[in-house]
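Asks: Sequence:
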Amino acid sequence: MHQTAQQDLYPHDPAVSARALARPLEDPFPLEACLKHYRTSSLVLDLQTARDPDAALSDGLLLNVALKYFYAYVHPGAEREEVPVGEVGALYRRFLRHGSLNEPEDDIEVMNRMRQVSPGLNVMSDAPRMARILRAVADLDPGPVVRGGRFLGLDLCAGPGLLVLAQNILARRSGAGVVDIVGLEPDPAVAGRTGDLVRSLGLGRLLEADAARPESYAGLLDRDVACVTCPALSGALRRIGPRPAFSAFRALFLAAGPRLGQTVFHPQGLIVYSREVNVSLVLSRDNGFQGPPGYEGSDFLVQGLVLDNRIVPLHRLGRDLLAALDRPPAS
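Just so we're aligned, residue 213 is where the sequence shown starts under this note's numbering, counting upward by one.
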């Protein structure tokens with residue numbers, strides 16, 4: 213386990229709850245810069261292109277998928293509609309204050325719906341960061357696990373299901389004929405909404421189950437696992453705690469063991485800072501994505517990810533994609 217001494221710059225509360233951890237990294241993200249790249253096509257149509265192995269998978273397309281998935285998560289049925297850019301921007305702005313009191317012009321039903329599924333929305337509220345995460349998963353190489361045409365993917369603590377979508381893009385673009393991507397999410401409200409949207413888009417299935425319990429994987433491991441994702445470790449959150457992420461990976465390795473021999477993980481590695489130990493740690497499959505012994509109950513600050521064998525600082529994740537989109541084309 214790699215360790216690097218770090219100055220303690222961040223406040224720490226060991227009693228912080230899982231929901232308190234599930235906050236956007238930045239508030240707000242550069243919304244107007246994202247909306248410049250919005251195209252008025254349905255999420256269903258964008259996904260059809262994204263999953264087509266013969267079609268280009270552009271960063272602009274992935275940004276649109278992230279924006280429209282967020283909107284459709286709040287508005288059932290919107291995945292099949294051409295939603296005007298103004299409505300998408302307005303929803304993001306309302307989300308940034310959904311924890312406060314309503315303004316007179318707010319739709320009470322929509323605001324309360326956001327409050328009900330707030331943990332899921334928080335995970336994917338930074339659209340450029342989520343687009344960059346979609347890119348990282350879509351660029352993975354599942355290799356020999358899908359040579360037989362079968363793809364089994366697991367998304368632990370799936371939240372809004374956007375990484376179920378990412379795995380579906382990976383599977384389809386890899387040529388898998390039989391695709392089974394399973395998300396596990398313990399929050400009933402989030403699991404219910406995510407399950408409805410995942411089914412509507414034909415992405416996979418969502419189980420209301422605790423990924424931190426080995427028995428939750430019973431009946432799911434009939435073949436080798438092609439890919440494992442976990443939103444809490446994807447770079448979407450600034451802090452991670454012992455539950456659900458660490459406990460989920462501990463349960464996964466216990467339950468799936470031999471089925472993980474050729475599995476690809478997103479991310480390859482995660483660089484986190486621990487105040488108690490006063491070091492940065494690299495979490496990866498080599499250590500089961502676990503913190504150091506004796507600190508199983510601690511929470512950690514996410515500093516960066518290992519993607520495609522490169523270290524990406526968390527503050528650049530997504531901003532690099534947006535900067536590339538804003539760059540004038542070479543003459």
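None of these hints come from the bench; they were simulated from the model.
Computed from a prediction, not measured in an experiment: that's the story for all the values here.
Here a beta-carbon is modelled for each residue, glycine too, at the ideal position from N, C-alpha and C.
One or more of the hints may lead you astray.
As the list claims (entries may be wrong) - Label-pair distances were calculated between CB atoms; the ranges are:
no. : residue 1 : residue 2 : range
1   : Y507      : K248      : 42 to 50 angstroms
2   : A302      : V518      : 32 to 40 angstroms
3   : R425      : Q474      : 21 to 29 angstroms
Asks: Are the hints correct? Go through all of them and say.
Replies: Going through the hints against the structure:
1. Y507 and K248 have their C-beta atoms about 43 angstroms apart, which keeps the hinted 42 to 50 angstroms range intact.
2. One distance hint, 32 to 40 angstroms for the beta-carbon pair A302 and V518, holds here, with the actual separation near 37 angstroms.
3. The hinted range of 21 to 29 angstroms is satisfied by R425 and Q474, whose Cβ atoms lie roughly 25 angstroms apart.
When each numbered hint is compared with the structure, no violation occurs for any of them.
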